[in-house]
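Undergrad: For reference, the chains in residue letters:
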Amino acid sequence: MSVLSLLFSLGIVSCLQAQEFKFSTTVSNTKVALDEPFQIQFMLENAPNVTSFTPPSFNDFEVLQGPSQMQGQSIMNGHRSEYIALIYVLQPKRVGNFTLSGATARTNGNVVHSNPVTIEVVKGARNLGPQQQQLPQTAIPQSRAQQPGRQDEMEGVLKNGEDVNAKLKKNIFVKVDVDKTSLYEGQQLTVTYKLYTRLPTNSSVTKVPAFKGFSAKDIELPNPPQATEELVNGIPFKVFIIRKTLLFPLQSGTLELDPVEVDNHVRLVKLVKNNKKAARDPFGDAFNDPFSDPFFDDFFNRPEVSYEDVPYKIQTPPVKINVKPLPVDSRPISFTGAVGKFSMTATVDKQNLSTDDALTLKVVIAGQGNVNLLNAPKLDIPSSFEKYDPKVTDNIEKNSNPLSGSRQFEFTLMPQEAGDQTIPPVEFSYFDVASNSYKTMRSQAFKVHVTAGKQAKKEKEDFSENRNTITSNFNGQLQWIKDQRFLLTSPWFYILLLLPLIALAVALFYRRKQDYQQNNAAFLKHRYANKVALKRLELAARYLREGKDKAFYEETSRAVWGYLSNKLHIPFSDLSKQLIQERLSQQQINGENTDQLFELLDNCEMALYTPMHNNDKMQGTYQQAVKVISQLEDELQRAKTVA
Amino acid sequence: MLLCNSLLAAEVPQQQLFNKANDLFRQKQYTEAAGIYQQLIDEGYNQPELYVNAGNAWYKANRTGLAIYNYEKALIRNPFYKPATHNLSVANQRVEGYVNDIPPLFFQQWWLQIQHLYSPNGWALGSILFFWLFIAGIIVMLLSPSIKPVLIKWGNGITGVLFLCFISMAVSAYVNTSVHDTGIIVSNAVKVKAAPDQGSKDIFELHEGVKVQVTDATQEYCKIVLPDGKTGWMACAEIKRL
Numbered sequence: 001m002s003v004l005s006l007l008f009s010l011g012i013v014s015c016l017q018a019q020e021f022k023f024s025t026t027v028s029n030t031k032v033a034l035d036e037p038f039q040i041q042f043m044l045e046n047a048p049n050v051t052s053f054t055p056p057s058f059n060d061f062e063v064l065q066g067p068s069q070m071q072g073q074s075i076m077n078g079h080r081s082e083y084i085a086l087i088y089v090l091q092p093k094r095v096g097n098f099t100l101s102g103a104t105a106r107t108n109g110n111v112v113h114s115n116p117v118t119i120e121v122v123k124g125a126r127n128l129g130p131q132q133q134q135l136p137q138t139a140i141p142q143s144r145a146q147q148p149g150r151q152d153e154m155e156g157v158l159k160n161g162e163d164v165n166a167k168l169k170k171n172i173f174v175k176v177d178v179d180k181t182s183l184y185e186g187q188q189l190t191v192t193y194k195l196y197t198r199l200p201t202n203s204s205v206t207k208v209p210a211f212k213g214f215s216a217k218d219i220e221l222p223n224p225p226q227a228t229e230e231l232v233n234g235i236p237f238k239v240f241i242i243r244k245t246l247l248f249p250l251q252s253g254t255l256e257l258d259p260v261e262v263d264n265h266v267r268l269v270k271l272v273k274n275n276k277k278a279a280r281d282p283f284g285d286a287f288n289d290p291f292s293d294p295f296f297d298d299f300f301n302r303p304e305v306s307y308e309d310v311p312y313k314i315q316t317p318p319v320k321i322n323v324k325p326l327p328v329d330s331r332p333i334s335f336t337g338a339v340g341k342f343s344m345t346a347t348v349d350k351q352n353l354s355t356d357d358a359l360t361l362k363v364v365i366a367g368q369g370n371v372n373l374l375n376a377p378k379l380d381i382p383s384s385f386e387k388y389d390p391k392v393t394d395n396i397e398k399n400s401n402p403l404s405g406s407r408q409f410e411f412t413l414m415p416q417e418a419g420d421q422t423i424p425p426v427e428f429s430y431f432d433v434a435s436n437s438y439k440t441m442r443s444q445a446f447k448v449h450v451t452a453g454k455q456a457k458k459e460k461e462d463f464s465e466n467r468n469t470i471t472s473n474f475n476g477q478l479q480w481i482k483d484q485r486f487l488l489t490s491p492w493f494y495i496l497l498l499l500p501l502i503a504l505a506v507a508l509f510y511r512r513k514q515d516y517q518q519n520n521a522a523f524l525k526h527r528y529a530n531k532v533a534l535k536r537l538e539l540a541a542r543y544l545r546e547g548k549d550k551a552f553y554e555e556t557s558r559a560v561w562g563y564l565s566n567k568l569h570i571p572f573s574d575l576s577k578q579l580i581q582e583r584l585s586q587q588q589i590n591g592e593n594t595d596q597l598f599e600l601l602d603n604c605e606m607a608l609y610t611p612m613h614n615n616d617k618m619q620g621t622y623q624q625a626v627k628v629i630s631q632l633e634d635e636l637q638r639a640k641t642v643a
Numbered sequence: 644m645l646l647c648n649s650l651l652a653a654e655v656p657q658q659q660l661f662n663k664a665n666d667l668f669r670q671k672q673y674t675e676a677a678g679i680y681q682q683l684i685d686e687g688y689n690q691p692e693l694y695v696n697a698g699n700a701w702y703k704a705n706r707t708g709l710a711i712y713n714y715e716k717a718l719i720r721n722p723f724y725k726p727a728t729h730n731l732s733v734a735n736q737r738v739e740g741y742v743n744d745i746p747p748l749f750f751q752q753w754w755l756q757i758q759h760l761y762s763p764n765g766w767a768l769g770s771i772l773f774f775w776l777f778i779a780g781i782i783v784m785l786l787s788p789s790i791k792p793v794l795i796k797w798g799n800g801i802t803g804v805l806f807l808c809f810i811s812m813a814v815s816a817y818v819n820t821s822v823h824d825t826g827i828i829v830s831n832a833v834k835v836k837a838a839p840d841q842g843s844k845d846i847f848e849l850h851e852g853v854k855v856q857v858t859d860a861t862q863e864y865c866k867i868v869l870p871d872g873k874t875g876w877m878a879c880a881e882i883k884r885l
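Residue numbers (our numbering), protein chains in the order written: chain Z, 1 to 643; chain G, 644 to 885.
Now the stretches of chain G that chain Z is said to cover, found in silico as 3 or more residues with beta-carbon under 8 Å:
1. 663–676
2. 716–730
3. 806–817
No lab work stands behind these hints: they were computed from the structure.
Don't be surprised by glycine CBs; every beta carbon is placed ideally from N, CA and C.
Bound-form chain G, shown alone (with noise of 0.2 Å):
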């Protein structure tokens, strides 16, 4: 069974794509190697994996802007991944003028731990399942009044209450995903200015693998805030959004 798997997966043209990539990482050719992971990436594939190895060839290939990207990334599919915490963590020690978060608290933990218990698709199929079943139940009570009626109108109520909360889930987790108002800052270094135009004045600078809020944006320029409640606005080309 494992044996067959692996000559499945092995014949997975992105498979043989991957490994060259890390053949190519391998040889310490980082941007090349860099540059298979994104075309996987831009494929549609999202594996935390991928993107976290992606990440490690722009580490190393010096753009740490796209690393630090790539890691929030595979933090977004999964937030428990290890080497993506590890290597973000070392990635920022780069960033110029990088504020430390501060850790999630032990409900916003919880609160993570149960969005990610499962995905978006898995949460919206339960609340489908348990929506089933709920209507079942009354279905069950309406016809066969013969089975103790307190049991099913436990059992309705356990499996109501469960719809909603998977519902809820899923639509939480949908409008996560679907909200892209966090940014990296992928250039160098930016000027940020007073208002959206190339005229005014600037007020900071902000360097590559900066985290940022955006919270509004024109045809050019983005509205960012920073984590310290300085906003500012700057081209919105020089933000890649999480």
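This is chain Z alone, in the form it adopts within the complex (with noise of 0.2 Å):
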């Protein structure tokens, strides 16, 4: 009943432009033995709006199966194609040759035929059995490739008394394929997880390989996923990859991989026949069922169809890999576990710089591989660089396979000392699968002229880069000098202190001296005369303290006196005013002076017969006798001085 509704309702569907129109008759095999059922299939393309199918009479055959009906579309170089099929599967009743004439259908009002086919029935059957075997999968091979689903819709129907299980296991499975089961460490292994399917089914991937001990790389698939066919065993499955991954094995020994789960949801169409009911009564659907057309109800053993969404779990089979170590013995010093074939460029972006700059080293592998796993070549530095841990690039080919790219490393370094240094070659080593051999490659020697440049600036940017970081050590020449004791504290300071002060003394007493001989000798001369008379009024300055005015007087007068005695070398006894007087007119001393000086005498003489107690006439007198000497002194030394 449904499967005359398909039929209307498609002719609505395929209301598109109709390619090429065909209707045509195939069956599975022409030549059939007597008891062996056949398919025999009717197939509209391109047909717009069918509103009957009558199939042929099958007089000389049972109708096993059928019909079963088949719709879809494709689309062949770009042009869409509908088709709408209807399967019968037959047993002949009898021996000999029989011609079916083709169907007749109706499309958009007009009646079409399709090609009769001419069965041999044979007996014996029994010798045809591997033959029989073979039929489902032959069924249709000349049109598999236009229609790529059928086989699947085909392989959905579940047949009476087929066991479910058997079924989809046979169907329906995963399988891994890898290119090799044994491998040495670090080299490639491609892995596919494939679904076949014949039936169709809604899968999904449960659980994903996880894959220990290898480093993995996904192969970017399609999404949605394209199906392909594979044969196996002749027959045609559809194959979906659900994961290919490149894997590297790190680590050697017997690795497992793990299995892949995928969850399906197999959709089986269910068969019952009926055949029983429509010999009696042709009529009797067409009550029950308006919809259907009484014309085919008496040609169509139509059975009952019902749908099965039956789960299937299916797993992959653990897969074993021997992972060989490589040999230890050969390998060389260089190498850091690069597997594959690889080559190798090694630059300087600098060949003249200066200690401010940075020189960068670039060293490129490329080549095929384990290139994820390249590991930065070790590089011998000399000390006078600072080497910073290298900036790597990676550069795979998407989806390459085996993996193919390049990875580069930029190693930064700071020259740290001017002059012309060396960077030696750069090595690189890979294990080579081929050869079963390591292979060494090796770049020029660098060699670079490094120039003074300002340290300060270098320190600057250290210190605005990293707060939370010291600074570099200090590493050129220092001026190795200890410290001096404190000058302060040793005597050499204060000696050094005292001597300007002793300069100072000298230069003040050489100054005085310069100042009595230029300026002032006179007054120095008088000074000298004055101290003269000083001396020898010393003791009657005594007397002039204790106030005995007698001896003062005594004493002043013989103090001059004896002075005069003295200077004019006159003996004592002999001196009188006359002799004093002429003596000093005799050496130009000018009167006033030889006045005073009596005046002086004649004082004492008269304060010593008139006594009286007078302290300041005593200090008169003798003020008076100290300038009367001092004067003396004075005329005598220049009257000296000019004789």
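Got two chains here, each in a separate frame; can you build the complex from them with the hints?
TA: Listed below in structure tokens is the structure:
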């Protein structure tokens, strides 16, 4: 019933521009044994508005199954085509040659016929056994390419009495494809997980392998997944790739690939034969079903069709991979784990630089193999350079198999010392699987001329860069001078401070002397005379202080007389006023001085004979005496120099 | 000249030791490198660069206290040596309970700058020089009055003032460097006690690298004052005086 309604609805659906119309009949086998079932299929391609379909009469055959109806679309070379197919499984009743006239259908109001086919029915079915087994697979070989979906749908029909599990097992499975099971550490292994199916199924991957012990690189798969066809034991399967991964073993030993688990929901069509009912009452159905065509009913042994979603979980079998360790004895020092086939280039960005600049050593390793696992080559950088960790840039070709691409290491080197420096060659080794040996490559050595730069600039940069790391050490030359003792505590300091003071004292003394000699010689002379007088009058001064007036005057008188006798070279007994005056005038001493002298002598004599205690007068006399002696002394000195 | 200089320096055993320590540092043997730097310092060399290198080595060897000590030493030698200030601040980040020092005020900064214009001996030498000039001026004034007395007087005044300045700076520099009243804690964690004896109660705890002021000391114990005013007694062996 539903087959028919589908047929009708198709008329509406397929209103797209029709391509080439085709109505054909195909049989699975033109030569069949007597009790061997075979398939006959009527195919309507690009038929719009199919309103009726009449199969030929299968008088000499028994309808075992059918009609099962199938429809679909296919796009070939950009042309869209639609098809409807009706399939019967027949079994011959008699031996002989039978011609099945084509089916008749009405499309767009026109009646069309399919080609007739001739079936040869032979006896002795048993010996055709193998052929029978092949039957489902070879049923429609010529049209498979055109209608890829048909096969599955055919297999999606669950025949009577068929075991569901057995059918699923036969028609759906997952498989692991490995390109090798024994390989070296680091060598590439390509693993493909595939889902093989001949049934329409809704599948989801529930468990993804983790690939323990491997480094994995997935290959991107098209989304939605594209099916390919593959023959398994001669049976075509639709194949979906679940996952394709390039694996690089990281350790040696026996490693196991985890299984993939796939949950399937398989849609099976169940058929129930309905022959009796159709034969007994051709019109009964029309009564029950207003959509059915009584004309159809007569000929169709329409079975009841029901769909069933069967859950089915499948797993890949575990795969053991034997990973061999890389040979140790011949391993070069520069080997860092690269396996494959590589080439290396090393370049420096400048040949001349200053210690303020940075040098970049670029090493590019390109080739096929575990590019994604390449370690930086060990560099033997002289200590006059500061080396930093390399900057790694990958350029791996997408979806390449075997994995190929390049990895670039940029080493930044900071020259610390000026001069001509040589960076030793960069060495890189890999294990070549093809020749089973290690290969070593070496670049040339780099000569770099380093000039001294401004160290200060570099230090400044250091400060701005990181607030949380200490600055680098001072590596230059130091002035190895110890601190002296404190000058302040050493005697030299004070000696040095005293020296100018001594100089000052000397200067002062010198200055005094100069003054004496230049300006004040007379004054000093006078002072000398004064001093003489004071000395002569020393005793007189004492009597003056003691207030002994008589003694004072006596002493003063005697001092003056004594002075005169001394200076004028006159014996004390010969002294007289007259003689003194004579001598003084002889020496050209002016009279005023002489008068004062005599006045003083008179005063003294007077005071001696008229005693009266008068301190002021004594003082006056003393002063007079000093003055007179001083003056006389000066005069006599001068007279002497003149003479 | 430069070549000759570097050649000479290369021959100096101290420079060789210094280079060796630098190499050790580069090879990450920090404790060994620090040992050599320390040896040079103990010999009496006290270039700020040497102190900073020693501090770096101790820092890398995780001896924060000694690192800070050396950086502080370098700063005493030259308060404007940038690597020392920078590294000191980095090292102080490791110090538990470190309180940021108040940066010196502008006039303190000026004072520091003036103080480090010359070395202590430089100040002393300068004072001698100006004293000589001053006295020389006086002598000139005494002996040859024919030169303009005003000029001489001014000159004498200036040299006299300069002499006083220099000698006071020399004295202050001497006092500064010979007073060791601050110290760095070099032990991991130290209990600070209320009184200078083993049995007294703990007041608080100090960690390696903290800078303290030492105000009093007995044979074994030192009285310390923290910047926040807390005081206490702790074993002198755990403080390295600056």
